[in-house]
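Could you put together the complete structure from these sequences and hints?
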Amino acid sequence: MLFNSIDFAVFLPIVLTIFWILNRYAGLVTRNFFLLIASYIFYGWWDYRFLSLIVLSTLVDYFVGRYMGKVIDAKLRKRLLWLSVSFNLGLLGFFKYYNFFVDSFVDSFSLFGIQLGQVWTLEILLPVGISFYTFQTMSYTLDIYRKQLEPTNDFISFAAYVAFFPQLVAGPIERASHLLPQLMKKGKFTYGQASDGLKLILWGLFKKMVIADSLAPIVDDIFSNYSEYSAPTLIMGAIFFGFQIYGDFSGYSDIAIGTSKLFGVELMSNFKFPYFSRNIGEFWRRWHISLSLWFRDYLYIPLGGSKNGKTQALRNIFIIFLVSGLWHGANWTFVFWGLFNAILFVPSFLMGSNRKYADKGTAAFGTPIKDYLQMLLTFILVTFGWIFFRSSSLQEAFKYIGGILAKWNYEPYFHPQGYRLIDYFLIIGIFVCYEFLISDNERKPFNFKSRIVRFTIYTLVVFGILLFYDDGVDRSFIYFQF
Amino acid sequence: MIKLLGKILLYGVLVLIALEILVRVFHLYPEDPPRFIDELNVEKRVPGYTGYSVTGNRRQNFSEFRINKQGFNSYRNFNPSESKNELALIGDSFIQGFHEEYDQSIGKKIDQKVDGLEVYEYGYAGWDMADQLHLINAYKQDFEKIDHIVIYMDYPSDFHRATYEPNYKRIKLLNSTVFKLRNNIKLFYYASEIGMLDSVKRFVSGKTKDSDNEAEEDIVDSNEKDEAAGTYISNFDSLLKLYPIEKNKTSFLLDFRTTPKEFLSYCRENNIKVIDFGKLFEKSKVPVTLIYDQHWNTHGRSLVAKSIVKSLYPHQEH
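Chains A and B supply the protein sequences, listed in that same order.
First residue of the first sequence? That's 6 in our numbering, and the numbers climb one at a time after it.
First residue of the second sequence? That's 242 in our numbering, and the numbers climb one at a time after it.
The set of hints was computed from the structure by calculation and includes no laboratory data.
None of these values were measured; they are calculated from a predicted model.
No residue lacks a Cβ here, since even glycine has one placed at the ideal position from N, Cα and C.
It is possible that some hints are incorrect.
Output of the computed footprint for chain B on chain A, the stretches with three or more beta carbons under 8 angstroms from beta carbons of chain B [said to hold, decoys possible]:
1. 144-156
2. 421-431
3. 465-475
Derived CB-CB ranges, DEER-like [as the list claims (entries may be wrong)]:
4. A:F419 - B:K381: 44 to 50 angstroms
5. B:S398 - A:E416: 53 to 59 angstroms
6. A:D476 - B:P501: 30 to 36 angstroms
With a Cα cut of at most 35 angstroms, we get these calculated DSBU-like pairs of lysine-lysine [unchecked claim]:
7. A:K190 - B:K248
8. A:K412 - B:K526
9. A:K191 - B:K248
10. B:K244 - A:K454
11. A:K193 - B:K413
12. B:K244 - A:K449
13. A:K277 - A:K193
14. B:K244 - A:K277
15. B:K526 - A:K193
16. A:K277 - B:K526
17. A:K75 - A:K277
18. B:K526 - A:K190
19. B:K248 - A:K449
This is the structure:
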């Protein structure tokens, strides 16, 4: 079920009403059981067959967690951890990476003139959100193993934590220590929290429907026919993709966080205006935060982080960026994208400036011109990286870049459906200015004291959705494929 | 929760009112002049309406229309007489021409090319061959005075039926309270036109977007069959028997590129005159249709006008 669909518009109020009635008049188990069923319905709307994977993952991690909590023997605890990690990564590996690894294996032999054929690949459908919920459940057993979390005896609440529908298919990737306790107690409906939730949903819908969905046909056209276009168009395609993916993914996160708020649940922030970052280090603290933190806590730090000298730290940086790239998709383009970002990150790490803006907020009006230039440079570098992310193969990505470098002649670009191009530049311009205005708090997009100002902005946001609505566009979220 | 619901309701209503004002101020809503079926069973527009035809979310096409005294979108009223030189141009939305300014119509372009000629444009969106031939038959007295008749032919959509039946049901539906309400609440009309209500309709009817597309594909597949071509020719044949045309002054305007050979052979065998605009379209280096809307643009209209003039008034073109 998509957040931006009529199905969800009907589903949410029904589930919400029953949830709060049960919260008041029934026990916690009943309430969470209902939430679990609702989450399974939400997921099963795409393909009910893949529900079995979520159920399996839930069962394995629940029982491994419980058993691990009782065991003192370190070796056995480790074995149990490996059982959980192997199972979850096995699921991910089979459904997401099997064909990729087989193809890569066959291709590597063909480099030496040996043709193995491609008989081993399988026609496997990628279950929606598998990368998200496997990481979420793994964090549960990892935290128990590290003795940072007590295993729960409440299976229903645990299952509801794994399948909690607002963030099930595209995050934020929550930790059990943060989300599970919220589900294991009776919530209280508060006007402020629900109102903030609705505002985030509205802002998320705007980002998705006005920014991401309206740019999608242009980006698809330019990336599919890159050989026909000149450099200015190719640059425009890369920039538009940068906004498309941001609108798409941060829009999803806003709707997820907003929806959770309606249930009295607070999720972690996933985006903090990443395009206003002043260096790559800051960008990665603002983009897909839940994944970055996951890799930091469960990969980078266990590998030694930056404690054992610069060489090992550099190795660890490259590992997390490469794995992060691979996490996004079974394609070398994502691996290269990870590598590219690691290369961008290394200079600031070596100069010690990667954490320069860690404790500071977003640049606000009146910041020195140098900050704006740094933002622009960071945006250009990140946008360049998006070319690898969006291209269907490494070869195409390099040809695309080749086009940018070589075809410096101006040719006008026409929207594939004939819309005026100026509309998109205008809406992006307005969007960037507005995001800059609200950049002190990513969870309050309409934080204005004046009711008239707030009302005007609500109206303009809905008006924007009307102006850019397109029934023909594929409205699914990009990150569902990851 | 009651406070929240109350505020949602209040803000919802106020936002809707503000949107209605915005849609009206920027004239984003389309206008569709009312339709009716006259005493001769011809479906057309109620005379005397002027307004703007709008397509797209952001006014991708915005053009003025003018419904004349005879109930058709035209720069002139129709007043056929024996003494004047007249040409009747009959067709569907392509001839009706709501998608471009009414004073830039094909008729006007022909008018400007041929001295002393009056062009009457009988265009109505949704008409097929049955409608068009019925029109000539119903307005026999007028058409007898007109010197040339050009009927726009869109294969195969014009040939799905062999008899004419006025569609009272549709007119009744368009004049129903729901539709009147839709037309008066501009925000609702606008949302409906940009497809925003389609997903609601699909949800209510239990249909999916895919099932809609599959249905369309089925029609395309069946159209490609040879038997279908035979049926279309047979329908055309029946219509011509029912509403005989004056072959010496009637021509069919068509695109050779999209009309099957069998159909063209039928026309040749039955001495039916045809005018092809496809050749000029093919040669054109600039687009002939609007980008957002696939109707002819001003250049396309000029080429269609040129094709007609070249065929009917070869010595008078200037």
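Checked hints:
Counting residues of the region 144-156 of chain A whose C-beta sits closer than 8 angstroms to any C-beta of chain B gives 0, which falls short of three, so the coverage hint is violated. Check on the region 421-431 of chain A: 5 of its residues sit with their Cβ under 8 angstroms from a Cβ of chain B, so the three-residue criterion for coverage holds. Proximity of the region 465-475 of chain A to chain B, defined as three or more residues with a beta carbon under 8 angstroms from a beta carbon of that chain, is established by the 7 residues found. For A:F419 and B:K381, the Cβ-Cβ distance of about 47 angstroms falls inside the hinted range of 44 to 50 angstroms, so the restraint holds.
A C-beta distance of roughly 36 angstroms is found between B:S398 and A:E416, which places it outside the suggested range of 53 to 59 angstroms. Between A:D476 and B:P501 the beta carbon distance is about 33 angstroms. The supplied range of 30 to 36 angstroms therefore holds. In summary, the hint linking A:K190 to B:K248 is supported, as the alpha carbons are separated by about 28 angstroms, within the 35 angstroms threshold. In summary, the hint linking A:K412 to B:K526 is supported, as the alpha carbons are separated by about 24 angstroms, within the 35 angstroms threshold.
Our distance criterion of 35 angstroms between C-alpha atoms is met by A:K191 and B:K248, whose separation comes to about 25 angstroms. Restraint check: the Cα-Cα separation between B:K244 and A:K454 comes to about 19 angstroms, which is no more than 35 angstroms; the hinted pair holds. In summary, the hint linking A:K193 to B:K413 is not supported, as the alpha carbons are separated by about 53 angstroms, beyond the 35 angstroms threshold. Distance check on the hinted pair: B:K244 and A:K449 sit about 20 angstroms apart at the alpha-carbon level, within 35 angstroms; holds.
Our distance criterion of 35 angstroms between C-alpha atoms is met by A:K277 and A:K193, whose separation comes to about 27 angstroms. Taking the CA atoms of B:K244 and A:K277, the gap is near 30 angstroms; set against the 35 angstroms cutoff, the hint holds. Proximity of B:K526 to A:K193 is assessed by CA-CA distance (about 67 angstroms); at most 35 angstroms being required, the pair is judged violated. Distance check on the hinted pair: A:K277 and B:K526 sit about 49 angstroms apart at the alpha-carbon level, beyond 35 angstroms; violated.
A C-alpha spacing of about 40 angstroms is found between A:K75 and A:K277, which places the hinted pair above 35 angstroms, so the restraint is violated. For a cut-off of 35 angstroms, the pair hint linking B:K526 to A:K190 is broken: about 70 angstroms separates their Cα positions. A threshold of 35 angstroms between alpha carbons decides the hint, and for B:K248 with A:K449 the separation of about 18 angstroms falls inside it, so the pair holds.
Hints 1, 5, 11, 15, 16, 17, 18 from the earlier list are contradicted by this structure; the remaining hints agree with it.
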